[in-house]
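Visitor: Hey, can you work out the whole structure from these sequences and the hints?
There are 2 protein chains.
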Amino acid sequence: MTEMTEEKSEFKLIEWIRQQRQDGDAKDVITGIGDDMAVVLVGGRKLLITTDVLLEGVHFDLERATLEQVGYKAMACSLSDCAAMAAIPFVAVVAVALPKTMTMDQAQRLYQGLQQAAGKYNCPIVGGDTTSWDKPLTIDVTMLAKVGATEPILRSGAQVGDTILITGELGGSLNGKHLGFSPRVQESRLLAQMVELHAMIDISDGMSIDLNHICCESRVAAEIDARAIPVSQVAQSSADPLTAALSDGEDFELLFCVSPSDAEKLLREWPGRSTVRLSSVGRIIQAKGEQRLFIRQMDGTVEPLEVKGWEHFNE
Amino acid sequence: MTEMTEEKSEFKLIEWIRQQRQDGDAKDVITGIGDDMAVVLVGGRKLLITTDVLLEGVHFDLERATLEQVGYKAMACSLSDCAAMAAIPFVAVVAVALPKTMTMDQAQRLYQGLQQAAGKYNCPIVGGDTTSWDKPLTIDVTMLAKVGATEPILRSGAQVGDTILITGELGGSLNGKHLGFSPRVQESRLLAQMVELHAMIDISDGMSIDLNHICCESRVAAEIDARAIPVSQVAQSSADPLTAALSDGEDFELLFCVSPSDAEKLLREWPGRSTVRLSSVGRIIQAKGEQRLFIRQMDGTVEPLEVKGWEHFNE
Chain A
864 MTEMTEEKSE FKLIEWIRQQ RQDGDAKDVI TGIGDDMAVV LVGGRKLLIT
914 TDVLLEGVHF DLERATLEQV GYKAMACSLS DCAAMAAIPF VAVVAVALPK
964 TMTMDQAQRL YQGLQQAAGK YNCPIVGGDT TSWDKPLTID VTMLAKVGAT
1014 EPILRSGAQV GDTILITGEL GGSLNGKHLG FSPRVQESRL LAQMVELHAM
1064 IDISDGMSID LNHICCESRV AAEIDARAIP VSQVAQSSAD PLTAALSDGE
1114 DFELLFCVSP SDAEKLLREW PGRSTVRLSS VGRIIQAKGE QRLFIRQMDG
1164 TVEPLEVKGW EHFNE
Chain B
864 MTEMTEEKSE FKLIEWIRQQ RQDGDAKDVI TGIGDDMAVV LVGGRKLLIT
914 TDVLLEGVHF DLERATLEQV GYKAMACSLS DCAAMAAIPF VAVVAVALPK
964 TMTMDQAQRL YQGLQQAAGK YNCPIVGGDT TSWDKPLTID VTMLAKVGAT
1014 EPILRSGAQV GDTILITGEL GGSLNGKHLG FSPRVQESRL LAQMVELHAM
1064 IDISDGMSID LNHICCESRV AAEIDARAIP VSQVAQSSAD PLTAALSDGE
1114 DFELLFCVSP SDAEKLLREW PGRSTVRLSS VGRIIQAKGE QRLFIRQMDG
1164 TVEPLEVKGW EHFNE
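Heads up: the protein sequence lines correspond to chains A and B, in order. Just so we're aligned: 921 in my numbering is position 58 of the first sequence, and the numbers increase by one with no gaps anywhere. Just so we're aligned: 990 in my numbering is position 127 of the second sequence, and the numbers increase by one with no gaps anywhere.
Rather than coming from a laboratory, the hints here were simulated on the basis of the structure. A hint or two may mislead.
The list treats identical chains as interchangeable, and a pair is accepted whether it falls inside one copy or across any two copies.
To be verified - As a list, the in silico SDA-like pairs of lysine to any residue whose alpha-carbon atoms are at most 20 Å apart:
1. K1151 x G1024
2. K1128 x C1079
3. K875 x D968
4. K963 x E878
5. K998 x W879
6. K1128 x S1143
7. K909 x D891
8. K1009 x L1037
9. K963 x F874
10. K890 x E926
11. K890 x P1123
12. K998 x E873
13. K1040 x V921
14. K1009 x L1053
15. K963 x D924
16. K1151 x D1125
17. K1128 x P1104
Guide: Encoded structure:
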């Protein structure tokens, strides 16, 4: 039997699952396990799918969040996956396991939060499953999305020399932002219209983990600049603001790679198009070994950056 | 605040959710909440979606089931929903919350069970979400399906005079069948090719509940014949075999309505096409009030039939 402490991790499990993939019916499966959304073909059209589970006590705490907020967050996490692919949210189905102590009123408030995000981002809830048990609340949202103005933006397209950019600010999301964040659905589509996005991901597990995903899938490495990281105000008051920004997770901002000239264009033209902050934080470099992330510290020295953040299966 | 004991039930909650539906983007939503699967339009083609949660301690017990069986069941429940619509399973995404005590080996066995059903029914798993917590195992499977030879068969098409038929045998599924049942995917497509199916559902909550769903959605009533109910061998050894067959749930057999002449055709020709038992169990009648289900008892008297089975939210 595999040793848990050594071998168990969410990403190792996912990697193992990818290796098991059966390619029998793969002609309609364009992108399978391992990106923000899977991409399949329906009647010649690309359709994207994502599923996200939110667990009470892990992804939210009902003493610090209302049920409306929890419902909103559940939808917003999947909407953020759509943004990461520059895709257009289409429809969602929602499966819940309600604690037996939950009242009808409470269940309705949860649904109203889901519905609030569904309405705001034009992604109707078309079905679901309702069960109950004497355990904490779980919510699973599965969302379908359609292709926007561009092909789906994958994690695997980053090129050596690309500039790495980030929307918004990072760190300290658990102080509140994680419950009411705005998934970057509009921003993502605007970016895809303005420039050629090579690779994109939403920052859910933490910037260093998510940038590492892009590097692994694109077979490249990255050097980020400590001075350029957009640290949120709430993270600035933490003991180690930079580490908070790089590894707290649940920022639900976009991290993406474009050519240096497209980066220049964006930094010049973006402020006239959107109020969301945009930061150039580093560049894609050649991979030379297992270590894919490097950081240029405040003093100019370049060091390996530890990949760390929120990884569920080995907490 | 609503009184839990009076007002809370899975079906009341779903009914409330249906009423909240926003029809903003409804042109691409053909069938929303309230059938076995939702039906949406993608590039002019109909696509079906279903999601099902399985909870440890509710839908399976790890002291009586292997992890492979649990994985198989999770996929099979959604495959059964595809069968209920006479649709062709296409792809699935799987979201799991793994107990922190679970080893990598155990997680892999769960996945192998999922994969076994995926392979057998040609429905590849293309994505998912893996999280963990210090609570019991939950598995959510969301499945997409394509339209088969016929339009999706809804719950709402039953007509007065229709004959009600059932595949297989009912009752006592929790003794084992619920873990290894064969979703009636092939049978459903064969039925749809042979006759015009007016309405169909898979028996998950219990025959009386599921027949009642058809009656409510079709605005009709039903009279079933106690002598015609195909009681499984394991249910025959229970204290009340007929009640077990009518309300145990998790049979995952098909219940469907066809014209009397189509019923005759099926009963004549089916045995040459399939080894699965097919039984005519009653007929659709006009609705005359709230009570929609009636049963012709062994002695010939007709009585109202209590709608009872597995309803999650008010256990």
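Visitor: Hint by hint, say whether it matches the structure.
Guide: Against the structure, the hints:
For the identical chains of this complex, K1151 and G1024 are intra-copy neighbours only, at 15 Å inside a copy versus 74 Å across copies, given an alpha-carbon limit of 20 Å. Taking CA atoms no more than 20 Å apart as the test, K1128 paired with C1079 passes in neither setting, with 27 Å inside one copy and 59 Å between copies. In this assembly of identical chains, K875 and D968 lie within 20 Å of each other by CA distance solely across copies; the values are 12 Å between and 41 Å within a copy. In this assembly of identical chains, K963 and E878 lie within 20 Å of each other by CA distance solely across copies; the values are 19 Å between and 36 Å within a copy.
In the homo-oligomer, the alpha carbons of K998 and W879 never lie at most 20 Å apart, since the shortest distance is 29 Å inside one protomer and 24 Å across protomers. For a Cα distance limit of 20 Å, the shortest separation of K1128 from S1143 inside one copy, 12 Å, qualifies, whereas the shortest one across copies, 70 Å, does not. For the identical chains of this complex, K909 and D891 are neighbours both inside a copy (9 Å) and across copies (16 Å), given an alpha-carbon limit of 20 Å. For a Cα distance limit of 20 Å, the shortest separation of K1009 from L1037 qualifies neither inside one copy, at 30 Å, nor across copies, at 40 Å.
For a Cα distance limit of 20 Å, the shortest separation of K963 from F874 across copies, 15 Å, qualifies, whereas the shortest one inside one copy, 33 Å, does not. In this homomeric assembly, K890 and E926 never come within 20 Å of each other (Cα to Cα): the closest approach is 47 Å inside a single copy and 39 Å across copies. Taking CA atoms no more than 20 Å apart as the test, K890 paired with P1123 passes in neither setting, with 35 Å inside one copy and 42 Å between copies. In this assembly of identical chains, K998 and E873 lie within 20 Å of each other by CA distance solely across copies; the values are 17 Å between and 23 Å within a copy.
When the C-alpha separation of K1040 and V921 is checked against a cutoff of 20 Å, the pair qualifies only within one copy, where the shortest distance is 16 Å, while the shortest distance between copies is 34 Å. Only within a single protomer do K1009 and L1053 lie at most 20 Å apart by alpha-carbon distance; the minimum there is 16 Å, versus 32 Å between protomers. For a Cα distance limit of 20 Å, the shortest separation of K963 from D924 qualifies both inside one copy, at 17 Å, and across copies, at 18 Å. Taking the shortest alpha-carbon separations for K1151 and D1125, neither the intra-copy value of 26 Å nor the inter-copy value of 69 Å comes in at or below 20 Å.
For the homomeric pair K1128 and P1104, neither the shortest alpha-carbon distance inside one copy (29 Å) nor that between copies (74 Å) is at most 20 Å.
Violated hints, in rising order: 2, 5, 8, 10, 11, 16, 17; the structure is consistent with all others.
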